[in-house]
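Participant: I would like the entire structure built from these sequences, with the hints used as guidance.
Numbering-wise (the working numbering), the first sequence opens with residue 1 and increments by one.
Incorrect hints may have been included.
Keeping only pairs whose Cα atoms sit at most 20 Å apart, straight-line, the calculated SDA-like set for lysine to any residue is [stated by the list, open to error]:
#	residue 1	residue 2
1	K7	E17
2	K96	G83
3	K48	R37
4	K7	K49
5	K96	L71
6	K49	T2
7	K91	E63
8	K96	E17
9	K48	M77
10	K91	I15
11	K61	A36
12	K7	K61
13	K96	A60
14	K91	K49
Derived from the structure by calculation, the hints contain no laboratory data. Since the structure is predicted, the reported quantities are computational estimates derived from the model, not experimental observations.
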Amino acid sequence: MTPFTEKAIEIIRNIPEGSVMTYGQIAALAGSPRAARQIVRILHSMSKKHRLPWHRIVNAKGEVAIKDDELHHEQIMSLRDEGVKVDHNGKVDLEKYQWRGSLHTRETTL
DNA sequence: TGGATGACCTTAA
DNA sequence: ATTAAGGCCATCC
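Facilitator: So this is what it looks like as structure tokens:
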């Protein structure tokens with residue numbers, strides 16, 4: 001496996017319940033800021049095998065990026081089950097639930 | 001305009 | 001057949 005994949009998986013598995021991350025964010029933390037699609041790929045393929053909390057991954061807008069309606073609703077239900085308020089449009093409060101990782105609490109964007 | 005973002009599709013072992 | 005890696009490009013703001 002590539003270090004990127006391993007790191008990405010590690011990051012994903014490090015997302016606490018009630019928190020979400022964006023593709024680009026994970027990709028950036030994994031080492032490739034432009035590899036958001038790789039995260040997509042990983043979540044799509046390796047999530048099941050590696051038992052990843054794929055439902056905690058949303059797009060940069062804080063919305064469920066899944067096209068498959070079934071999985072889409074599944075993610076929403078999973079998120080709500082963890083305490084994440086999911087909008088009817090499948091959007092979550094990114095500013096509130098986005099996992100900032102182990103970084104300091106930078107309130108620059110707040 | 002341009003840059004960021006994306007739950008894909010293809011190839012390889 | 002399965003599992004993992006890679007990347008161009010359309011879309012939105």
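Participant: Does A36 sit within 20 Å of K61, going by the straight-line distance between their CA atoms?
Facilitator: Roughly 13 Å between the alpha carbons, so the hint for K61 and A36 holds.
Participant: Would you check the hint for K91 and K49, treating anything up to 20 Å between C-alpha atoms as holding?
Facilitator: violated, 26 Å
Participant: Need the status of pair K49, T2: alpha-carbon distance at most 20 Å?
Facilitator: Cα-Cα ~16 Å, so holds.
Participant: Is the straight-line distance between the alpha-carbon of K91 and that of I15 20 Å or less?
Facilitator: holds, 18 Å
Participant: Are the Cα atoms of K48 and M77 separated by 20 Å or less?
Facilitator: Holds, at about 17 Å.
Participant: Hey, K7 versus E17, does the alpha-carbon distance stay inside 20 Å?
Facilitator: holds, 19 Å
Participant: Between the alpha carbons of K96 and L71, is the straight-line distance 20 Å or under?
Facilitator: It is violated: about 23 Å lies between the C-alpha atoms, which goes past 20 Å.
Participant: Holds or violated: are the alpha carbons of K48 and R37 at most 20 Å from each other?
Facilitator: holds, 17 Å
Participant: Are K7 and K61 close enough, with their CA atoms no more than 20 Å apart?
Facilitator: Violated - the C-alpha atoms of K61 and K7 are around 23 Å apart, more than 20 Å.
Participant: Please work out if K96 and E17 have their alpha carbons no farther apart than 20 Å.
Facilitator: holds, 13 Å
Participant: Quickly compare the C-alpha distance for K96 and G83 to 20 Å and report which way the hint goes.
Facilitator: At roughly 12 Å apart (the allowed maximum being 20 Å), G83 and K96 satisfy the hint.
Participant: With a cut-off of 20 Å on the C-alpha distance, tell me whether K7 and K49 pass.
Facilitator: holds, 16 Å
Consistency note: the structure conflicts with the earlier hints numbered 5, 12, 14.
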